[in-house]
Amino acid sequence: MDRFRARHRARAIIIAFLFAAIPALPVRAADTAVNIDNFTFTPKELTVKAGTVIVFHNRDDIPHTVNGTNGEFHSKALDTDESFSFTFAKPGTYEYFCGLHPQMTGRVVVTP
Amino acid sequence: MSDNKQDTGIDRRGALECMLWAGTGVLWTLNGGVPKSSQLLGMGTAQAAGKEATGFSFLQISDSHIGFNKPANPDALGTLKEAIGKVSALPAKPAFMIHTGDITHLSRPGQFDDAEKTIGEAKLDVHYVPGEHDLVDEDKGKAYLDRFGKNTKGSGWYSFDAGGAHFIGLVNVANLKAGGMGSLGEEQLAWLAEDLKGKGTSTPVVVFAHIPLWIISADWGWGTEDSARALALLTRFGSVTVLNGHIHQLVQKVEGNVTFHTARSTAFPQPAPGTASAPGPMLVPAEKLRSLLGITSVEVRHGKEALAITDTPLATS
Numbered sequence: 001m002d003r004f005r006a007r008h009r010a011r012a013i014i015i016a017f018l019f020a021a022i023p024a025l026p027v028r029a030a031d032t033a034v035n036i037d038n039f040t041f042t043p044k045e046l047t048v049k050a051g052t053v054i055v056f057h058n059r060d061d062i063p064h065t066v067n068g069t070n071g072e073f074h075s076k077a078l079d080t081d082e083s084f085s086f087t088f089a090k091p092g093t094y095e096y097f098c099g100l101h102p103q104m105t106g107r108v109v110v111t112p
Numbered sequence: 113m114s115d116n117k118q119d120t121g122i123d124r125r126g127a128l129e130c131m132l133w134a135g136t137g138v139l140w141t142l143n144g145g146v147p148k149s150s151q152l153l154g155m156g157t158a159q160a161a162g163k164e165a166t167g168f169s170f171l172q173i174s175d176s177h178i179g180f181n182k183p184a185n186p187d188a189l190g191t192l193k194e195a196i197g198k199v200s201a202l203p204a205k206p207a208f209m210i211h212t213g214d215i216t217h218l219s220r221p222g223q224f225d226d227a228e229k230t231i232g233e234a235k236l237d238v239h240y241v242p243g244e245h246d247l248v249d250e251d252k253g254k255a256y257l258d259r260f261g262k263n264t265k266g267s268g269w270y271s272f273d274a275g276g277a278h279f280i281g282l283v284n285v286a287n288l289k290a291g292g293m294g295s296l297g298e299e300q301l302a303w304l305a306e307d308l309k310g311k312g313t314s315t316p317v318v319v320f321a322h323i324p325l326w327i328i329s330a331d332w333g334w335g336t337e338d339s340a341r342a343l344a345l346l347t348r349f350g351s352v353t354v355l356n357g358h359i360h361q362l363v364q365k366v367e368g369n370v371t372f373h374t375a376r377s378t379a380f381p382q383p384a385p386g387t388a389s390a391p392g393p394m395l396v397p398a399e400k401l402r403s404l405l406g407i408t409s410v411e412v413r414h415g416k417e418a419l420a421i422t423d424t425p426l427a428t429s
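Chains as they are written, first to last, in our numbering: chain A, 1 to 112; chain B, 113 to 429.
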């Protein structure tokens, strides 16, 4: 293998990696936070691209949980300043609520 | 109060004895469906309107939230100890204590340990029901049931008889559904119907559960969505007393033969509905905190009288 081919192959691998990473790039760009303040998920509704990681951050002085209404995900009880992350991989509409205070609800719409 | 076994109702001496420990404790006297709150001098009214005292009383504590350490009360264990100190100092020993849930803040073993140890210092039998904070362990309530679930059904409900009254501990904090409030569920409602079968209508019934069994604020989740079905089973009884916690403040309502009452927390106050954007721990000046925490004493009377409920703050401000 000569040096040119080796370099060419290395470049091809790098390019392949870049292409492989393309679907993931918006994920990084769109890592998104939902804050819990005053018994409210904010924003209450959020639209993101598939693959987005959403970080739920409890800023109340009382614990909350984040439970998918259809059981898609659920956090442990988040004490003050604790967070829960979930990757929304599949397109669809995800309703969620706090298992301790079920009047607290939110929605994530995941687009392809 | 029930520190006057020798004669009728609450006399002036009894009232004065009461005041020794109660500070400006409020006595709630319920006659003809109208609740009257009164300070010291009003207690004579209770005697005039009341019937024979049985000398049977029990205590309610609620929302001890052991593990809570935020600014609204950095020492929830300390204020629970103070509350238990009040219980131990009562001139007449209550028959037992009920705890209407949120024993702990996060269902952790150490929090349950601290709560049990401190509450045990009152040397009274304690009948617990869970709050939502007691069911947030990994196994969603196993930690609670392992400790307090003996002789209970389902997620921890049960009944027992004492002092001529029938006591029912309900669980309305398990398996809550999105957008809803507290919930009893089909299995528990069926059990309740069965439990009440054959009970005479003159039997005073005391129902206790964590979340209020009537709707105080739907927006804040302060209610139980299927409580009306439980109450329908209770309408035939002449005296029904419903004792709840969860909202960390006194609220009372009378509907027909049913008296609803919520107890103070021993840990931290919450705002009154409509006075804040959300529920949650309410920060008050340190010197005011103990006036917003407290315990509740209930005297069971026979006949058509409703039970006498006395709320006592940890301190006056």
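Since the hints were derived computationally from the structure, they do not count as laboratory data.
One should not assume that every hint holds.
[Said to hold, decoys possible] Keeping only pairs whose Cα atoms sit at most 27 Å apart, straight-line, the calculated BS3-like set for lysine-lysine is:
(1) B:Lys182 - A:Lys44
(2) A:Lys90 - A:Lys44
(3) A:Lys76 - B:Lys365
(4) B:Lys289 - B:Lys235
(5) A:Lys90 - A:Lys76
(6) B:Lys254 - A:Lys44
(7) B:Lys400 - A:Lys76
(8) B:Lys289 - B:Lys265
(9) B:Lys289 - A:Lys76
(10) B:Lys311 - A:Lys76
(11) B:Lys254 - A:Lys76
(12) A:Lys44 - B:Lys262
(13) A:Lys90 - B:Lys182
(14) B:Lys205 - B:Lys182
(15) A:Lys76 - B:Lys205
Agreement of lysine 289 (chain B) and lysine 235 (chain B) with the hint, judged by alpha carbon distance not exceeding 27 Å: violated (38 Å)
Given pair status - lysine 76 (chain A), lysine 311 (chain B), alpha carbons within 27 Å: violated (42 Å)
Is the hinted pair lysine 182 (chain B) and lysine 44 (chain A) satisfied, with a Cα-Cα distance of at most 27 Å? holds (26 Å)
Agreement of lysine 90 (chain A) and lysine 182 (chain B) with the hint, judged by alpha carbon distance not exceeding 27 Å: The given pair, whose Cα atoms are some 38 Å apart, is violated under the 27 Å limit.
Does lysine 262 (chain B) sit within 27 Å of lysine 44 (chain A), going by the straight-line distance between their CA atoms? violated (41 Å)
Compare the distance between the alpha carbons of lysine 90 (chain A) and lysine 44 (chain A) with 27 Å, and conclude whether the hinted pair is satisfied. holds (20 Å)
Starting from lysine 76 (chain A), check that the Cα of lysine 205 (chain B) is at most 27 Å away, please. Distance ~41 Å between lysine 76 (chain A) and lysine 205 (chain B) Cα, so the pair is violated.
Is the straight-line distance between the alpha-carbon of lysine 400 (chain B) and that of lysine 76 (chain A) 27 Å or less? violated (34 Å)
Does the alpha-carbon distance linking lysine 289 (chain B) and lysine 76 (chain A) stay inside the 27 Å limit? Within the cut-off at roughly 16 Å; holds.
Holds or violated: lysine 254 (chain B) to lysine 44 (chain A), with C-alpha atoms at most 27 Å apart: Outside the cut-off at roughly 32 Å; violated.
Taking only the CA atoms, is the gap from lysine 254 (chain B) to lysine 76 (chain A) under or equal to 27 Å? holds (15 Å)
For the pair supplied as a hint, lysine 289 (chain B) and lysine 265 (chain B), is the alpha-carbon distance within the 27 Å limit? holds (21 Å)
Going through the hint list in order, the structure does not satisfy hints 3, 4, 6, 7, 10, 12, 13, 14, 15.
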